[in-house]
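Protein chains: 4
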Amino acid sequence: MSYFTFKNHRIFFDLQGEGQPILILNGIMMSTKSWDAFVPTLKANNMLLRVDFIDQGQSDKAQIEYTQDTQAELIYELLHTLNIKPINIVGISYGGEVALHFAIKYPQYVERLLLFNTTAKTSDWLLDIGRGWIITGKTRDPQAYYKQTIPVIYSPSFYTKNLAWMKKREVTLKPVFSNPVFLDAMERLTISAETHDVRKQLSSISVPTIIITATEDYLTPTPEQLYLHEHIKNSYLLSLPGVGHASMYEVPFVFASLVLGFVNNKITDYNL
Amino acid sequence: MSYFTFKNHRIFFDLQGEGQPILILNGIMMSTKSWDAFVPTLKANNMLLRVDFIDQGQSDKAQIEYTQDTQAELIYELLHTLNIKPINIVGISYGGEVALHFAIKYPQYVERLLLFNTTAKTSDWLLDIGRGWIITGKTRDPQAYYKQTIPVIYSPSFYTKNLAWMKKREVTLKPVFSNPVFLDAMERLTISAETHDVRKQLSSISVPTIIITATEDYLTPTPEQLYLHEHIKNSYLLSLPGVGHASMYEVPFVFASLVLGFVNNKITDYNL
Amino acid sequence: MSYFTFKNHRIFFDLQGEGQPILILNGIMMSTKSWDAFVPTLKANNMLLRVDFIDQGQSDKAQIEYTQDTQAELIYELLHTLNIKPINIVGISYGGEVALHFAIKYPQYVERLLLFNTTAKTSDWLLDIGRGWIITGKTRDPQAYYKQTIPVIYSPSFYTKNLAWMKKREVTLKPVFSNPVFLDAMERLTISAETHDVRKQLSSISVPTIIITATEDYLTPTPEQLYLHEHIKNSYLLSLPGVGHASMYEVPFVFASLVLGFVNNKITDYNL
Amino acid sequence: MSYFTFKNHRIFFDLQGEGQPILILNGIMMSTKSWDAFVPTLKANNMLLRVDFIDQGQSDKAQIEYTQDTQAELIYELLHTLNIKPINIVGISYGGEVALHFAIKYPQYVERLLLFNTTAKTSDWLLDIGRGWIITGKTRDPQAYYKQTIPVIYSPSFYTKNLAWMKKREVTLKPVFSNPVFLDAMERLTISAETHDVRKQLSSISVPTIIITATEDYLTPTPEQLYLHEHIKNSYLLSLPGVGHASMYEVPFVFASLVLGFVNNKITDYNL
Chain L
236 MSYFTFKNHR
246 IFFDLQGEGQ
256 PILILNGIMM
266 STKSWDAFVP
276 TLKANNMLLR
286 VDFIDQGQSD
296 KAQIEYTQDT
306 QAELIYELLH
316 TLNIKPINIV
326 GISYGGEVAL
336 HFAIKYPQYV
346 ERLLLFNTTA
356 KTSDWLLDIG
366 RGWIITGKTR
376 DPQAYYKQTI
386 PVIYSPSFYT
396 KNLAWMKKRE
406 VTLKPVFSNP
416 VFLDAMERLT
426 ISAETHDVRK
436 QLSSISVPTI
446 IITATEDYLT
456 PTPEQLYLHE
466 HIKNSYLLSL
476 PGVGHASMYE
486 VPFVFASLVL
496 GFVNNKITDY
506 NL
Chain E
236 MSYFTFKNHR
246 IFFDLQGEGQ
256 PILILNGIMM
266 STKSWDAFVP
276 TLKANNMLLR
286 VDFIDQGQSD
296 KAQIEYTQDT
306 QAELIYELLH
316 TLNIKPINIV
326 GISYGGEVAL
336 HFAIKYPQYV
346 ERLLLFNTTA
356 KTSDWLLDIG
366 RGWIITGKTR
376 DPQAYYKQTI
386 PVIYSPSFYT
396 KNLAWMKKRE
406 VTLKPVFSNP
416 VFLDAMERLT
426 ISAETHDVRK
436 QLSSISVPTI
446 IITATEDYLT
456 PTPEQLYLHE
466 HIKNSYLLSL
476 PGVGHASMYE
486 VPFVFASLVL
496 GFVNNKITDY
506 NL
Chain C
236 MSYFTFKNHR
246 IFFDLQGEGQ
256 PILILNGIMM
266 STKSWDAFVP
276 TLKANNMLLR
286 VDFIDQGQSD
296 KAQIEYTQDT
306 QAELIYELLH
316 TLNIKPINIV
326 GISYGGEVAL
336 HFAIKYPQYV
346 ERLLLFNTTA
356 KTSDWLLDIG
366 RGWIITGKTR
376 DPQAYYKQTI
386 PVIYSPSFYT
396 KNLAWMKKRE
406 VTLKPVFSNP
416 VFLDAMERLT
426 ISAETHDVRK
436 QLSSISVPTI
446 IITATEDYLT
456 PTPEQLYLHE
466 HIKNSYLLSL
476 PGVGHASMYE
486 VPFVFASLVL
496 GFVNNKITDY
506 NL
Chain G
236 MSYFTFKNHR
246 IFFDLQGEGQ
256 PILILNGIMM
266 STKSWDAFVP
276 TLKANNMLLR
286 VDFIDQGQSD
296 KAQIEYTQDT
306 QAELIYELLH
316 TLNIKPINIV
326 GISYGGEVAL
336 HFAIKYPQYV
346 ERLLLFNTTA
356 KTSDWLLDIG
366 RGWIITGKTR
376 DPQAYYKQTI
386 PVIYSPSFYT
396 KNLAWMKKRE
406 VTLKPVFSNP
416 VFLDAMERLT
426 ISAETHDVRK
436 QLSSISVPTI
446 IITATEDYLT
456 PTPEQLYLHE
466 HIKNSYLLSL
476 PGVGHASMYE
486 VPFVFASLVL
496 GFVNNKITDY
506 NL
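Chains as they are written, first to last, in the numbering used here: chain L, 236 to 507; chain E, 236 to 507; chain C, 236 to 507; chain G, 236 to 507.
Mixed in with the good hints there might be a few duds.
Put simply, identical chains are the same to the list, so a pair is met inside one copy or across any two.
Calculated pairs, DSS-like style, for lysine-lysine (alpha carbon to alpha carbon, straight line, at most 25 Å) [stated by the list, open to error]: (1) 409 with 242; (2) 435 with 396; (3) 501 with 268; (4) 373 with 242; (5) 320 with 396; (6) 435 with 356; (7) 320 with 403; (8) 409 with 373; (9) 402 with 373; (10) 356 with 403; (11) 242 with 402; (12) 356 with 402.
In case anyone wonders, no lab produced these hints; they're calculated from the structure.
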């Protein structure tokens, strides 16, 4: 049970294992717990650092207004406190966006970037989708919130093939989705991403950056990752055919293997 | 102002022009009016038939339970009444699905099928998305309904580039989306598609069938149209890169040109 | 049997039908004859103009050095002679490239552009592929020339499914591919495309331009058409999944329907 | 310098490092030497085994007729001799196909399969491409052989961006491509793949199989890997956008990272 303090918030983090360090940054609805199933493989030969952002999991609910840039400051505070530098940063969606903010501001802290289902900007389209989530969250109707936010983050094929698992997840999520504390946190997290726009700063990123796109990602679809790849110089693009936005849930073995492969392969240049 | 009667419902239709006949079938939220801008070009050298399904536009609200198969019966009644046979059928989304039901049951009435953004089955995934729409409809909150149903049917790039047009549309749609009569009709239309599944009957379709997929369609995504193409024997597949579910709104010139080209090119076999 | 004179070469052309005029420009190995099977549908309601470029079909072999720009001058001479202005230009591959040169130089002569399997530039990669064709042509070995130039222009699925037709084509082409006159003309045609590069002039094109890409085109692959689409302002992009470079041979019904649809739909703007 | 004997041929292999074992199988034109630049990273924490097939590199030229199945027997002999079992097998193109034959016949020897740019069958299309290579090989013209076999295995964008490297490669390859011994071996290797067809046996493969497709692969294009993915039960599909057939040369860092990640991540099941 580890905590540190950031702007008067108690922030939860978890550090395990030894080796090339990996920091993994949560998607908006996730928490450190979401990665539990990944811990054994990710810590087997690596140091694994997880953290709950403000308004996530075991970290404090927000007492301030914040943006994704604030969350990037939180990461800086964490790494500075732990004296880990540089580190490989893996982010998915919201977490990938915070990773971008962090890598732009603190390049010397970043060894490599792995960005899953990430965008350079919250488009007007994504912004309106988010506002829809907020409006529905205010109804406190868990069924409404589930139907609006969950199917869309999975590919139709995964959702259909794993319907029993999805239904189990629905049962798990219902109490969460009727909890005003969670829903208000989700609202603040959603709003914290509304101003996200690092398009002009992408050219300053020079660490090896691996961008993973998923062909059935309907929140941060493939054109977003093509944009990242075109504007980040040392970037590599991989695509997951048939996979949706929640790539870590749909293809966990692929997700974990990509993390391990790209983090632990220390040679980037091949004299062929 | 033309009407006919189907199962005691007054059904609105509109017939204009002369030449190779085209029947155009609405998407779920559309009506005959949605095609007004297309009428001049589609009727220039063709007979153009439009119709409002039960619970759409100027047709009666439903007094019965119905499915998309019922709507297909309505089409049969219409064509039988007008004595038009065979006809080229263009359908988008809900309309494409009704077109499939109709073509399977009344092959002799169909000259060619043009299916935009259509699926062979309402997957469990799409079903849950639809249920989310229904729940939100019951709140009678037009803002909530707009945010949940509209952004998702456009590609992010179209939505963002045409934000002024989208905002105008939001203003137009708000009164509609707060109207209980409309919302209840939408609920019934949504439910009428829940049992849609013609996968096993696709092999019986033998008319030339043109399947149009859009790469940013997040309701009936590309794998759905690949499935149709693989299972309908005389089918042709075209893809619209960067376009969303509401393809007729995003690329109207392309939409109309495809209709005219595939309807009016009477030669399918080329002895090359 | 119609001819006109261009730079002392007798140039063959064929004009049939009445209506919105269509000029169709051959791919490198093609001639006016290659379109015979398309004539009935393309002239049914349109004026159809075909022409053999210098070194193609029934036109004279070259007595001069020339580039694709020279072929564009030939088109100007033809249209000027026939007093047809403006005209819809359909080009495939080499023909699409000449169409680009022409549209840049003589915009007032162009109503619409339809570009199938076309590139803005002969890349170093394509240049070396062409040089391979030239070297093999010099061997005068028809089998070698066939195997090098023909399979690559078809998608594997078409080639495999239509193997009997391909084998018949091989028999037809063998005498042609052992004919030094043909092979020397092919060499000059290939060289005439080596300097093709209109990237900087694409922004001057303002006529409606329809760009058709084919996902299994291995000579002018999809990134080439994406480039055209990004740089030609009033352009529309369509994709043919599973189709190869010789799209007119693989999906003739689709090819002809697209031509008719985009040429005969006179309305480009839709007030939605 | 290690050799073993297989059907009276002296076969060269190279074994380095310790840890989870990796066997890497060459593409048709490659040899163990082609992987030299990859050795440091692949052997850092793994045992790396390389081998030259019959007619490749430092192994004997063929004194027998053989197929890819014969090469699979060679692999069995090698692993049996070295007493390594099971092993992770990485194959590219020809090597991936031999890997498939081997995995079908000797499942107990296979830990995991990584198949880059691999096909389940030599299609009639690919067969004719190969025959073109053979015909041109017989001319002993290195320029002709280079232009026919090399550009096609790279994506146009890589070839164009790395033109200086390609030209250097052309200089290196010219003497090889004029060497009758090499060209005759290439002919036999090409013929050995002509009968490749394991489509019906794919369902027997049950080891975790990672299939990597490259969107600009013009020899074993993406539909081939989709087929493998659909027919191998425990398979995972990844796509490399913009990459050609020689993926190991175009994106070596990605290639090596994928190998390390998928081999060294011992956990395939995640209880999410």
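> Is the C-alpha distance from residue 402 to residue 373 at most 25 Å within one copy, between copies, in both cases, or in neither?
Replying inline: both (23 Å within a copy, 23 Å between copies)
>> If the cut is 25 Å between Cα atoms, do residue 356 and residue 402 qualify within a copy, between copies, both or neither?
In response: between (32 Å within a copy, 20 Å between copies)
>> Please sort residue 501 with residue 268 into within, between, both or neither, judging by C-alpha distance up to 25 Å.
In response: between (29 Å within a copy, 21 Å between copies)
> Between the shortest in-copy and the shortest cross-copy C-alpha distance, which are at most 25 Å for residue 356 and residue 403: within, between, both, or neither?
Replying inline: between (33 Å within a copy, 24 Å between copies)
>> I want to check one pair: residue 373 and residue 242. Are their C-alpha atoms no more than 25 Å apart within a copy, between two copies, both, or neither?
In response: neither (27 Å within a copy, 42 Å between copies)
> Given a CA cutoff of 25 Å, do residue 320 and residue 403 count as a within-copy pair, a between-copy pair, both, or neither?
Replying inline: neither (40 Å within a copy, 40 Å between copies)
> How do residue 435 and residue 396 come out at 25 Å by Cα distance, when the copy is not named: within, between, both, or neither?
Replying inline: between (40 Å within a copy, 19 Å between copies)
> Between the shortest in-copy and the shortest cross-copy C-alpha distance, which are at most 25 Å for residue 409 and residue 242: within, between, both, or neither?
Replying inline: Neither: 32 Å inside a copy, 41 Å across copies.
>> I want to check one pair: residue 242 and residue 402. Are their C-alpha atoms no more than 25 Å apart within a copy, between two copies, both, or neither?
In response: neither (39 Å within a copy, 38 Å between copies)
> With identical chains treated as interchangeable, where does the CA-CA distance between residue 409 and residue 373 reach 25 Å or less: within a copy, between copies, both, or neither?
Replying inline: both (15 Å within a copy, 19 Å between copies)
> Are the CA atoms of residue 435 and residue 356 at most 25 Å apart within a copy, between copies, both, or neither?
Replying inline: The answer is within: 10 Å in one copy meets 25 Å, while 29 Å across copies does not.
> Between residue 320 and residue 396, at a C-alpha cutoff of 25 Å, which is it: within one copy, between copies, both, or neither?
Replying inline: Neither: 42 Å inside a chain and 34 Å across chains, both beyond 25 Å.
Checked against the numbered hints above, the structure breaks hints 1, 4, 5, 7, 11 and satisfies the rest.
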